[in-house]
Structures are given as C-alpha cells and as structure tokens.
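Given only the sequences and the hints, what does the whole structure look like? Please build it.
Those protein sequence lines, which keep their order, are chains A and B.
Under full-length UniProt numbering, the first sequence has 305 at position 305, and the numbering climbs by one with no breaks.
Under full-length UniProt numbering, the second sequence has 167 at position 167, and the numbering climbs by one with no breaks.
Keep in mind that the hints are not guaranteed to be accurate.
Chain B residues, not near chain A, derived (Cβ > 12 Å throughout) [said to hold, decoys possible]:
1. GLU23
2. ASP106
3. ARG149
4. GLU317
The following label-pair restraints were derived from C-beta to C-beta distances [said to hold, decoys possible]:
5. A:SER216 to B:GLN34: 32 to 42 Å
6. B:ARG30 to A:VAL283: 53 to 63 Å
7. A:ARG11 to B:ASP253: 42 to 52 Å
8. B:GLY320 to A:VAL145: 51 to 61 Å
9. B:SER171 to A:PRO225: 21 to 31 Å
10. B:HIS89 to A:ARG215: 20 to 30 Å
11. A:ASP203 to B:GLU317: 38 to 48 Å
12. A:ILE156 to B:PRO157: 58 to 68 Å
13. B:SER187 to A:ASP201: 43 to 53 Å
14. B:SER171 to A:LEU54: 42 to 52 Å
15. B:ARG288 to A:ASP201: 30 to 40 Å
16. A:ASP201 to B:GLU341: 40 to 50 Å
17. B:SER187 to A:SER216: 17 to 27 Å
18. B:GLY289 to A:SER155: 47 to 57 Å
Bear in mind the hints are in silico, worked out from the structure with no lab data behind them.
We treat Cβ as the ideally placed atom computed from N, Cα and C, and that holds for glycine.
The chain contents come next:
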Amino acid sequence: MTAMGDVKRRRIDELAARAGQVPEGEGGVSLTKSAFRRLRRNPVAITGAVIVVLFLLVAAFAPLLAPKDPLTQYLLSEIRPGTIPGSREGFPLGVDNLGRDLLSRLIVGSRQSLLIGVVSTLLGVVVGMALGVLAGAFGGWVDTVVMRFVDILLSIPGLLMAISISVLLGQNQYALMIAIAVTQVPVFARLLRGSMLAQRDSDYALAARALGIRRSRIVFGHVLPNSLSPVIVQATLSLATAIIEAAALSFLGLGDPDLARPEWGAMLSNAQAFLSIRPELAVYPALCIIVVALGFTLLGESLREALDPKFRR
Amino acid sequence: MTIVELPPHGDDRTGRPVLEVDELTVTFARKGEQPTHAVDGVSFSVAPGETVGLVGESGCGKSVTSLAIMGLLPRRGVQVGGSVRFDGHELLGASDRTLRRMRGADMAMVFQDPLSSLNPTVPIGTQVTEVLFEHREMSRKEAVDEATRLLDRVGIPDPARRLKEYPHQLSGGMRQRALIAMALACSPRLLIADEPTTALDVTIQAQILELLRELVVDSGTALVMITHDLGVVAGLCDRVHVMYAGRIIESADRHDLFARPRQPYTGGLLASVPRLDGARGVPLHPIRGSARDVIPWTEGCAFAPRCDNAQDDCLTEVAGSTVPLELDGPGRELRCRHPLEYPRSPAGATASGAAR
Numbered sequence: 001m002t003a004m005g006d007v008k009r010r011r012i013d014e015l016a017a018r019a020g021q022v023p024e025g026e027g028g029v030s031l032t033k034s035a036f037r038r039l040r041r042n043p044v045a046i047t048g049a050v051i052v053v054l055f056l057l058v059a060a061f062a063p064l065l066a067p068k069d070p071l072t073q074y075l076l077s078e079i080r081p082g083t084i085p086g087s088r089e090g091f092p093l094g095v096d097n098l099g100r101d102l103l104s105r106l107i108v109g110s111r112q113s114l115l116i117g118v119v120s121t122l123l124g125v126v127v128g129m130a131l132g133v134l135a136g137a138f139g140g141w142v143d144t145v146v147m148r149f150v151d152i153l154l155s156i157p158g159l160l161m162a163i164s165i166s167v168l169l170g171q172n173q174y175a176l177m178i179a180i181a182v183t184q185v186p187v188f189a190r191l192l193r194g195s196m197l198a199q200r201d202s203d204y205a206l207a208a209r210a211l212g213i214r215r216s217r218i219v220f221g222h223v224l225p226n227s228l229s230p231v232i233v234q235a236t237l238s239l240a241t242a243i244i245e246a247a248a249l250s251f252l253g254l255g256d257p258d259l260a261r262p263e264w265g266a267m268l269s270n271a272q273a274f275l276s277i278r279p280e281l282a283v284y285p286a287l288c289i290i291v292v293a294l295g296f297t298l299l300g301e302s303l304r305e306a307l308d309p310k311f312r313r
Numbered sequence: 001m002t003i004v005e006l007p008p009h010g011d012d013r014t015g016r017p018v019l020e021v022d023e024l025t026v027t028f029a030r031k032g033e034q035p036t037h038a039v040d041g042v043s044f045s046v047a048p049g050e051t052v053g054l055v056g057e058s059g060c061g062k063s064v065t066s067l068a069i070m071g072l073l074p075r076r077g078v079q080v081g082g083s084v085r086f087d088g089h090e091l092l093g094a095s096d097r098t099l100r101r102m103r104g105a106d107m108a109m110v111f112q113d114p115l116s117s118l119n120p121t122v123p124i125g126t127q128v129t130e131v132l133f134e135h136r137e138m139s140r141k142e143a144v145d146e147a148t149r150l151l152d153r154v155g156i157p158d159p160a161r162r163l164k165e166y167p168h169q170l171s172g173g174m175r176q177r178a179l180i181a182m183a184l185a186c187s188p189r190l191l192i193a194d195e196p197t198t199a200l201d202v203t204i205q206a207q208i209l210e211l212l213r214e215l216v217v218d219s220g221t222a223l224v225m226i227t228h229d230l231g232v233v234a235g236l237c238d239r240v241h242v243m244y245a246g247r248i249i250e251s252a253d254r255h256d257l258f259a260r261p262r263q264p265y266t267g268g269l270l271a272s273v274p275r276l277d278g279a280r281g282v283p284l285h286p287i288r289g290s291a292r293d294v295i296p297w298t299e300g301c302a303f304a305p306r307c308d309n310a311q312d313d314c315l316t317e318v319a320g321s322t323v324p325l326e327l328d329g330p331g332r333e334l335r336c337r338h339p340l341e342y343p344r345s346p347a348g349a350t351a352s353g354a355a356r
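If you want it as structure tokens, here you go:
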C-alpha cells in the first residue's frame, strides 16, 4: 500500500514539476515585443505602416522609379500663357509650367520632404528629450529654468518662430530643418518631463531607492524607459506635422533655394499661380503631403494604443 | 506635555538593538495649510532576530514611520524629528550618500504591492543583479549566478529562466518572492516589510509569511512588520506596537496582547476579527466611527471619540495633561486612562483564535 502511495506521490510531483515550467522560447516577452504583437493585429496600424513604408521606399529608390528626369523640360512648344499640357502618353500626371514631368518631380520630391521631416523631428526629439531629462531628473531650480525656457519657446507661434529662424540662419535646407526642429523641442521637453515626474513617484522607483540604487541608475534605468512611450508616439505624430511645416515654409518661399531638388511644398507654392489653368499641379503634391501625414498619424495613434498599459494583454 | 522615560525594550534578547527609534515625529507642512502630524513621538527598538509588529488602521502613520526610518520621505514639506539609530549610528540627518549605501545593504524594505514595486520594462534578473552591482563588487557572471541562487532561495522554480522574464509574466506570489530576494540580496541586518501580504491571496500570504520567517527571522535579521492584519501579527511577531493617529497606544508581547488587550482600541481590533470558536450568529464588533474621527493628541486621547470607555478625563482640559504612554506591567506599555480590566473574558479573539 505504501509502495503504491509512493508511486502516486512521485507521479504527482513529476506533473507538478512540469506544470511549473515555462514552455521553451516563451521566456522574456518584453513590453516592446508585446506592443509589436498588438500592433501587428491592428488594421489601422497596418494601414499606417504600409503608407509610411511605401513612401520611404519611393524616397529611397526615387532615381530608379522616376520615369523621366525631374529637371528636364519637355513639351515646351505646347506651353503658352494660359495653357499647360495635361496628362498624356509618357506624362501620366502632365507637366508643370516649365514642362517638367510632374510624376517624376513628385517621386524625387518625396526624398527632400521626408528627409526634412525625419531629420527635423529627430533633432527636435533629441534636444527636447535632453531638456526633459534634465528637468525631470533634477527637479528644483534646474526644472524651473528649463521649463521657463521651454514656456518661452512655446509661447511663440510655431510657424512664426520657424520663419524667423530660417530667415536668421539663411536660406538652405539645414536652416529649414533646424527651424522646424526648434518648434518641436518644447513639445518633447514638456512631454518627457511630465511623464518622468509621474514615474519618479512610482512605487518601483521608491522600491529601487529603498534598495539603495543610485539616482543616475534610477533615472536612466528605471524612470526614463518607462517615460518614453508618449515621446515615441509624439515623435511619430510630429513627423506628420514636420512634413506639413516643411511644405508650408517652402510654400512661403523659405525653403531650399536649390532648384535642383524638387520638394512638395515648393511645388505647391509654385503651382498657386496656375491654379485656375491646371489645379492638378497643386492637387498632387498636396495629396502626397496629406497621405504621408495620414500614414504617420495612423501609425502614431495605433502605437499609442499599443503602448498604453490599459490595453495591455 | 509629559514624556515618560521608558527603558528601552527588545535588547533583553540578544543584546544591542539593531534599530532604535526614539521620539520620531514626522510632520507634513504645506504653506498656508494646517501641518499634519503623521507620526507623533514614536519610540521602539528591534533586536537582532526579533520581529516587531507595527499595527494599526490605514492612516495611523505606520507606513510613514517605515519611510522615515529608511530616509525615503521627500525633503520638501516634510519635517522629521527625534532620532533613528541603526546599530548606534544616527540616521536622521545622515548624508544622502551614506543613507543610499546603507539602504539595500544594511537595511531593506519590502512593499505592499509587488506588481507596482517592480519596474514593468525591466526583466526580473536585471532588477536583482542591479542591487548586487550597487552594493557588492561583482562581475556580470557572478551577479547572474548569485541572482539565480537568490531566486532559488526564495522558492522560485526554474530561476535561471525567470531571470529573463518581465514582472507581468510572474504571478503575484512570485513577484513578492522576487522582491524579497532583492531585499535580501545583500543580507541586510534589518528588513522592514510594509504590509507584504496585503495584495496577495490567502494561501500565498501564508507562503510569504513562512518564507519571511525562514529567511529573515531564523537568520537573525531584525524584522519590522507593518500590518493591519492581526493574523500576520499572531503568526510572526514577537512584540507588537499598536499605533493610532501617529502614536503608539499599546505595546506588548504577542501573547499578552492577544490574551489581555488593555487599550480599548486594541480590544476593538481583536473583537472585529471573526472567530471560528465563537458561537454562530454572534455579530462581530466593529469599532464604531472611522480613523478620521480623531481629536489632536494635545487635546486628549485621539481614540476617545470612538471609545466605549471614554470619560471626561480623556480630554486634556479635564485631566490637566495629555494621556501619557506608561508602563503597564512587565513588558507592557499603555496609553490609556480607562483601559480594559481583567480578569474577565477577553472581549475578542485570543492569539489562537485570530491566527490563521
């Protein structure tokens, strides 16, 4: 009877031991990984990602994709005051007032527009985050100084500031990037600071302090990683704004003076004189700007949902 | 205000106490607001291997006491007075650097909610090794090995794999075990456990208490157990201090306290615990009112508004002095002018009755 009991006992222990084990390959699902898993199941995210990736690919392979050279003038004989030839064989979207192929210009122009958007947002994120970390980690007078500076930046209307800066720095594409970046800085600084302040008082930060972890480690190892998700989301959304803002500055004539680089905003600006003759010249670049901005916005919004702890699991 | 000098207790067991708290006061003061005396002259000491319970309702100052001991209260708007000595060294007014080096190494703390006490974005292993890097000179590999050993010691199965997991992948009990492993990583001489079982299921509670008894009490580490759960007190504590509105109102050994609660508040706490050996259908006796119905200690006994024994001289203006904490028999202290009297059948549960 005891032998029988022993066997049973052993069997139970075996089963229990197996139950306690985690299946192979399942260990260590980080929040980032599970956020991506959720993102993949979200059709809105997929739509946004497809748009963004499509445009990035177009920008990357623009010289190969463009059917014609974006600077060569065609059909000059047909361009007269009051008439610009529309779409036809070889020119699916028609030509602009100088006879340059519109499709090729849009394709090549994506490079400049996306580049300005990405670089200026990155610049804005980096500087804004540096200020935010400074304010959020130290608090006290550092916080006060940094935040008042940010408030000053924030009190100036974004476009006005961008215009002033690009005028100050001279007309080139770097000035444009810096001008847009500066308008993004206060948003990221405030966002990161606020989210760090909330995390600084969290239980795990207190628990880490109770274990004698040094402050730099708590800030960079614990508080910062937990404060990043709103910044990541905002960066995605800001990309859309940056592209629109770049277009706006170009439209105002503050863009890249190098005519060899087509850009959507500049194209739009150029098209306004011929709006009554050929509205397509304005519609297509505008459509590109809207669709790219929409793509980034969709991606950003679904990223926010995926990273939101309320939607976890 | 009369302060009655009391001989320090606790050091009668194994000599010098690890922790001595003397007239600790914590005042929260904001500009333009009435200051709040969260802790109002609390004194107790803990000897090596001793478990001291701080018991009371929410808001009685027990958690603030523990944070003050660890030096974890914010600087702004908080005034801490009195004395906290660890191994004879004064902690109040010690530099941030000194305190940080002591926390985790000499004294550690386990918090109430194991999920929010762990960083959700960092694997368990990193959070354990981090403590080892901070206080013990260790190479990466040594730290990982030690972390594995620590998790194994607190009863987490398959520790090597668990190290790579994130807090949300562990069960509540596992998380609390991991936190205990982190707290014990550097073999501290004092552990403060702030309601470590409140957020857990009953069966897990028992396991965690058993773990604490095994790893802390039996290894000679001093333990301060902060709880409102009398079952925890009955199961683990040697000495119990009952707190009310920022002051200790009764101190006694566990058995004395459960057998003969003297403060009507303690009696009330015990009476509100359901008992198996009582007759069925006998209603529980909750303490009437809530912890908000207090009067300031300077004007009388804070518990008087809720107390069945309260009489006129519980108020300072009648008695001419505030209610002092006085010796009440061997090893007992009491802050009450009209305590429960014995012999009579205890109003509430006994130690065996309230134990799980």
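Hint by hint, work out which the structure violates, then give me just those numbers in ascending order.
-> Per hint list: 2, 13 violated.
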